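Student: Turn these sequences into a full structure, and let the hints guide you.
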Amino acid sequence: GLLERDIYRLQLVELQGNKVKEADETERSRLEIAHLRKQVNASALALDKKLNTIEALRENLDAAERKLQDVHRDHNAASRGQSRLGEEMARAAALQKEVQALKDERRSLEASNSARTTE
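Position 83, counted from 1, in the sequence shown is what our numbering calls 86; the numbers after and before it change by one each time, with no gaps.
Take these hints with a grain of salt, some might be off.
Said to hold, decoys possible - Distance windows between CB atoms, simulated: (1) L60 / G20: 37 to 43 angstroms; (2) H78 / Q42: 39 to 45 angstroms; (3) L64 / R31: 33 to 39 angstroms; (4) K52 / T29: 31 to 37 angstroms; (5) R8 / L34: 51 to 57 angstroms; (6) A49 / Y11: 54 to 60 angstroms; (7) E68 / M92: 31 to 37 angstroms; (8) R61 / G84: 45 to 51 angstroms; (9) L112 / A80: 44 to 50 angstroms; (10) A67 / L34: 46 to 52 angstroms; (11) Q14 / E35: 27 to 33 angstroms.
Just so you know, the hints here were simulated from the structure itself, not pulled from any lab data.
Only a predicted model underlies this, so the values are computations on that prediction, with no experimental measurement involved.
Glycine included, every Cβ here is placed at the ideal spot set by N, Cα and C.
Tutor: This is the structure in structure tokens:
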């Protein structure tokens, strides 16, 4: 009887020890899982921040590209305007020469008329 009872108690204590050991391991695993979850959440937040930064940079790049297109368009318009201005200035110079030639011709005709009337 006593030996059997002591063996039974020993087995019971071993069983309880195993349960405690399993509970400790379960608690350690639970804590490790909680820690890993915190790390995953922190990584997810960091990734979200990076994605938001990338999106903001992409929007800034798009805005800069639109501004550059505007500058190119304005430059092209100014070049066309400058080209037209050059053409108009050339026409004006040609007209000025024509006017001067007509004035010279008129003076010449007036001089020749004046010479005929004095004869």
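Student: Run every hint past the structure and note whether it holds.
Tutor: A quick look at each hint next to the structure:
The hint said 37 to 43 angstroms for the Cβ distance between L60 and G20, and at roughly 59 angstroms that hint is violated. Against the hinted window of 39 to 45 angstroms, the Cβ-Cβ separation of H78 and Q42 comes to about 53 angstroms, which falls outside the hint. Restraint check, L64 to R31: a C-beta distance of roughly 49 angstroms breaks the suggested window 33 to 39 angstroms. A beta carbon spacing of about 35 angstroms between K52 and T29 agrees with the range 31 to 37 angstroms that was offered as a hint.
Between R8 and L34 the CB atoms are about 39 angstroms apart, so this pair departs from the stated range of 51 to 57 angstroms. Restraint check, A49 to Y11: a C-beta distance of roughly 57 angstroms satisfies the suggested window 54 to 60 angstroms. Between E68 and M92, the C-beta spacing of about 36 angstroms keeps the proposed range 31 to 37 angstroms intact. About 35 angstroms separates the C-beta atoms of R61 and G84, a value inconsistent with the hinted range of 45 to 51 angstroms.
Separation of L112 from A80 is about 47 angstroms and conforms to the stated range, judged on CB atoms against 44 to 50 angstroms. As the Cβ distance of A67 to L34 is approximately 49 angstroms, the hint placing it in 46 to 52 angstroms holds. In this structure the hint that Q14 and E35 lie 27 to 33 angstroms apart at CB holds, the actual value being about 31 angstroms.
Against the hints set out earlier in the document, violations occur for numbers 1, 2, 3, 5 and 8.
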